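**Student:** Here is what each chain is made of, one letter per residue.
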Amino acid sequence: GQSLEQPSEVTAVEGAIVQINCTYQTSGFYGLSWYQQHDGGAPTFLSYNALDGLEETGRFSSFLSRSDSYGYLLLQELQMKDSASYFCAVLADRGSTLGRLYFGRGTQLTVWP
Amino acid sequence: EAQVTQNPRYLITVTGKKLTVTCSQNMNHEYMSWYRQDPGLGLRQIYYSMNVEVTDKGDVPEGYKVSRKEKRNFPLILESPSPNQTSLYFCASRQGLAGGPYEQYFGPGTRLTVT
Chain H
1 GQSLEQPSEV
11 TAVEGAIVQI
21 NCTYQTSGFY
31 GLSWYQQHDG
41 GAPTFLSYNA
51 LDGLEETGRF
61 SSFLSRSDSY
71 GYLLLQELQM
81 KDSASYFCAV
91 LADRGSTLGR
101 LYFGRGTQLT
111 VWP
Chain D
1 EAQVTQNPRY
11 LITVTGKKLT
21 VTCSQNMNHE
31 YMSWYRQDPG
41 LGLRQIYYSM
51 NVEVTDKGDV
61 PEGYKVSRKE
71 KRNFPLILES
81 PSPNQTSLYF
91 CASRQGLAGG
101 PYEQYFGPGT
111 RLTVT
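If you read the protein sequences in the order shown, they are chains H and D.
Residues 1 to 113 (this note's numbering) are what the first sequence spells out, left to right.
Residues 1 to 115 (this note's numbering) are what the second sequence spells out, left to right.
Keep in mind the hints are simulated off the structure, nothing from the lab.
Values in this document were obtained by computation on a predicted structure and should not be read as measured data.
The C-beta atom is built at its ideal place from N, Cα and C for all residues, glycine as well.
Don't take each hint at face value.
Covered stretches of chain H, going by a simulated chain D footprint (3 or more residues, C-beta under 8 angstroms) [what the hints assert, rightly or not]: (1) 41 to 48; (2) 102 to 112.
Here are the simulated lysine to any residue pairs, SDA-like style, with alpha carbons at most 25 angstroms apart [claimed, not checked]: (3) H:K81 <-> D:A2; (4) D:K57 <-> H:S27; (5) H:K81 <-> D:L88; (6) H:K81 <-> D:S24; (7) D:K18 <-> D:R44; (8) H:K81 <-> D:G40; (9) H:K81 <-> D:G109; (10) H:K81 <-> D:E103; (11) D:K57 <-> H:K81; (12) D:K17 <-> D:A2; (13) D:K57 <-> H:V18.
With the sequences and hints as input, model every part of the structure.
**Tutor:** See below:
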């Protein structure tokens with residue numbers, strides 16, 4: 001089966017840097033995604049990593065190590081609006097051309113002024 | 001504008017009264033799915049569909065049905081809702097694996113309460 005582990009909560013202050021880790025166990029691994037969800041809202045896509053290394057998009061970066069089945073989301077220069085839940089999600093093909101996306105339980109990030 | 005729409009956004013119903021939540025996407029995506037979200041449990045997949053007339057069970061399919069008669073629509077049907085189906089439901093769509101992109105688009109959510 002598929003399993004993903006991420007911390008349930010993280011807190012930080014404005015302007016700081018925070019890292020949210022995700023470890024996974026899966027078969028047919030294709031890539032690791034991150035999604036952001038504000039209270040009551042729909043999840044929105046942040047990043048996708050298929051290869052080892054760091055991908056940077058503005059203040060957010062995402063890292064993947066396939067050999068360690070591990071990834072993280074790095075948020076820099078934190079702002080109050082970054083307070084949200086962050087989900088890692090594994091895309092696994094399991095022999096299917098379209099694959100399936102499996103989500104972790106989410107990390108609630110609280111940014112304090 | 002690329003989007004996934006769901007209706008209704010809010011629904012309060014009684015046990016046993018059949019209901020349908022509609023979902024539509026305008027991006028010609030092959031893959032569509034339904035999730036339910038409950039506090040502390042993340043997003044759990046109910047059903048998914050890889051193309052018209054091709055559907056399969058996700059992780060929590062009991063008590064739900066789906067159909068995919070057209071590529072753009074993927075309704076979720078609760079034949080006999082029960083209180084344990086009170087939840088926040090999301091429809092989502094994306095492209096297949098060939099060449100990406102791998103972004104999954106979510107609808108705005110349907111908050112369902114079954115009394």
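**Student:** For each hint, tell me whether it holds in the structure or not.
**Tutor:** Do the hints match the structure? See the list:
Residues of the region 41 to 48 of chain H lying with their CB closer than 8 angstroms to a CB of chain D number 6, which satisfies the three-residue condition for coverage. For the region 102 to 112 of chain H, the stated coverage by chain D holds: 5 residues have a C-beta nearer than 8 angstroms to a C-beta of that chain, and at least 3 were required. Proposed proximity of K81 of chain H and A2 of chain D is supported: the alpha carbons are some 24 angstroms apart, at most 25 angstroms. Only pairs whose Cα atoms come within 25 angstroms are accepted, and K57 of chain D paired with S27 of chain H is accepted, the gap being roughly 18 angstroms.
For the suggested pair K81 of chain H and L88 of chain D, the alpha carbons sit about 23 angstroms apart, so the restraint of at most 25 angstroms is met. Proximity of K81 of chain H to S24 of chain D is assessed by CA-CA distance (about 29 angstroms); at most 25 angstroms being required, the pair is judged violated. Using a Cα cut-off of 25 angstroms, the hinted pair K18 of chain D and R44 of chain D holds, with the two alpha carbons roughly 22 angstroms apart. Annotation: proposed proximity of K81 of chain H to G40 of chain D holds, straight-line Cα distance about 21 angstroms (limit 25 angstroms).
Between K81 of chain H and G109 of chain D the alpha-carbon distance is near 21 angstroms, which keeps this suggested pair within the 25 angstroms criterion. Distance check on the hinted pair: K81 of chain H and E103 of chain D sit about 22 angstroms apart at the alpha-carbon level, within 25 angstroms; holds. Only pairs whose Cα atoms come within 25 angstroms are accepted, and K57 of chain D paired with K81 of chain H is rejected, the gap being roughly 36 angstroms. Our distance criterion of 25 angstroms between C-alpha atoms is broken by K17 of chain D and A2 of chain D, whose separation comes to about 33 angstroms.
Distance hint between K57 of chain D and V18 of chain H is unfulfilled; the C-alpha atoms sit about 36 angstroms from each other, more than 25 angstroms.
When the structure is compared with the earlier hints, violations turn up for hints 6, 11, 12, 13 and for no others.
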